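J.: Single-letter residue listing:
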Amino acid sequence: MGCCYSFFCNEDGSPQRGEPSERTHLLVDPVSNNSNIPIYNSEDFLSNSNALPKKTDEQSALNRILQETATNVIDVAALDSHNLQQHEYVERMRQYSLKLQQACASNKLPPRTKMCLLQDIPAPEKVLSSESVNPDDLRLINSAVTRAAAAISDIKVEHKEDMVVMFRVPD
Amino acid sequence: MVEEIRKVIQELLLKVSGLYCVLITDRDGVPVLKVLTDKAPELATRPAFLSTFGLAIDQGSKLGLGKAKTLICTYSQYQIVQMNKLPLVISFIASDTCNTGHILGLEKYIEPLLANLTVAVADTQ
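Residue numbers (our numbering), protein chains in the order written: chain A, 1 to 171; chain B, 172 to 296.
Keep in mind the hints are simulated off the structure, nothing from the lab.
Only a predicted model underlies this, so the values are computations on that prediction, with no experimental measurement involved.
Do not rely on the hints blindly, as some may be mistaken.
Stated by the list, open to error - Pair by pair, the computed Cβ-Cβ distance ranges are:
#, chain 1, residue 1, chain 2, residue 2, range
1, B, ARG177, A, ASP57, 56 to 64 Å
2, B, THR271, A, ALA105, 47 to 55 Å
3, B, GLU282, A, ILE74, 27 to 35 Å
4, B, THR271, A, HIS87, 16 to 24 Å
5, B, GLY189, A, LEU62, 48 to 56 Å
Said to hold, decoys possible - Short, incomplete list of chain A residues facing chain B, as computed with Cβ under 7 Å:
#, residue
6, ASN72
7, ILE74
8, LEU79
9, VAL90
10, ARG92
11, MET93
12, TYR96
13, LEU100
14, ALA103
From the three backbone atoms N, C-alpha and C, an ideal C-beta is built for every residue, glycine too.
Could you put together the complete structure from these sequences and hints?
T.: This is how it looks when you write it as structure tokens:
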């Protein structure tokens, strides 16, 4: 806030300059103060705090840059495929099978995830590949169901007696 | 127990038509679990071929697109799908006409089985 107001005061050359008013900034010349703050890099702090000879620092920084660049570069020609020796391969395979046996003995297999949507049908492919229902049968089923539904919707309670019955307490 | 895992993967293998084998290896291509059919090409199941995935994903992660998860290579007769589950690598070898989406869909079924395999590999390394 103070910063903004001070900027505008300078611009319009207010006649009240020097006198306390609503435009007088509370902090003394904050803009010029800000500009004096020195900028440090994190590397400067590191080098200052360590207080090591500067040359070693530079060398290590350069080495680091070189290292970083080397890891970031995709150099296909320099890729060395580390081919395993046959005995090493066999040895590792043997170790894996041993460790796997141990791991499996101590840990249970997680419960199996649902593999099939139609789990309650033992052989879904047979059901799905069977012939479709005869259209006449389907029509019969549909009409029967429609009539049954109509009949169910017609069911009504026949009112015969009073719902609330007074119990006559003998005097 | 190991046989159970193998059986589950065998069942999955049969569900995808054109899938020839599922190999679960370490990053150097040393097999931890192999489920093969007789159509699997022998050369592609060797560590010299499978280990190239490890190198490829290392380099691929430098492209600024994040960690490489899956690599799909299609050849004239085969397709290879490899999944990054480090320290494990899952490799699927299938015919070129096999539905790649079906292979990728197997991931969620295989993933729960990997816990013990990961332990075996992580202990050894």
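J.: Given the hint of 27 to 35 Å, is the C-beta distance from GLU282 (chain B) to ILE74 (chain A) inside that range or not?
T.: Cβ of GLU282 (chain B) to Cβ of ILE74 (chain A): about 29 Å, so the range 27 to 35 Å holds.
J.: If you take the shortest Cβ to Cβ gap from ARG92 (chain A) to chain B, is it below 7 Å?
T.: Cβ of ARG92 (chain A) sits 5 Å from chain B, so the hint holds.
J.: Have a go at the LEU79 (chain A) hint: is there a Cβ in chain B nearer than 7 Å to its own Cβ?
T.: holds, 5 Å
J.: Using the beta carbons of ARG177 (chain B) and ASP57 (chain A), state whether their distance is inside 56 to 64 Å or not.
T.: holds, 57 Å
J.: Take the shortest C-beta to C-beta distance between ASN72 (chain A) and chain B; is it under 7 Å?
T.: holds, 6 Å
J.: Taking 7 Å as the limit, does the beta-carbon of MET93 (chain A) come near enough to a beta-carbon in chain B?
T.: holds, 6 Å
J.: Please verify that hint: ALA103 (chain A), Cβ, nearest Cβ of chain B, below 7 Å or not.
T.: Nearest chain B Cβ about 4 Å off; hint holds.
J.: Can we keep the ILE74 (chain A) interface hint, with Cβ of chain B closer than 7 Å?
T.: Holds, because the Cβ-Cβ distance from ILE74 (chain A) to chain B comes to roughly 5 Å (cut-off 7 Å).
J.: TYR96 (chain A) was flagged as interface toward chain B. Is the shortest Cβ-Cβ separation under 7 Å?
T.: holds, 5 Å
J.: Is the hint on LEU100 (chain A) kept, meaning its closest Cβ partner in chain B is under 7 Å away?
T.: holds, 4 Å
J.: Does VAL90 (chain A) pass the interface hint, meaning its C-beta sits closer than 7 Å to a C-beta of chain B?
T.: violated, 9 Å
J.: Holds or violated: the 47 to 55 Å window for the beta-carbon distance between THR271 (chain B) and ALA105 (chain A)?
T.: violated, 36 Å
In summary, the structure is inconsistent with hints 2, 4 and 9 from the numbered list given earlier, while agreeing with the others.
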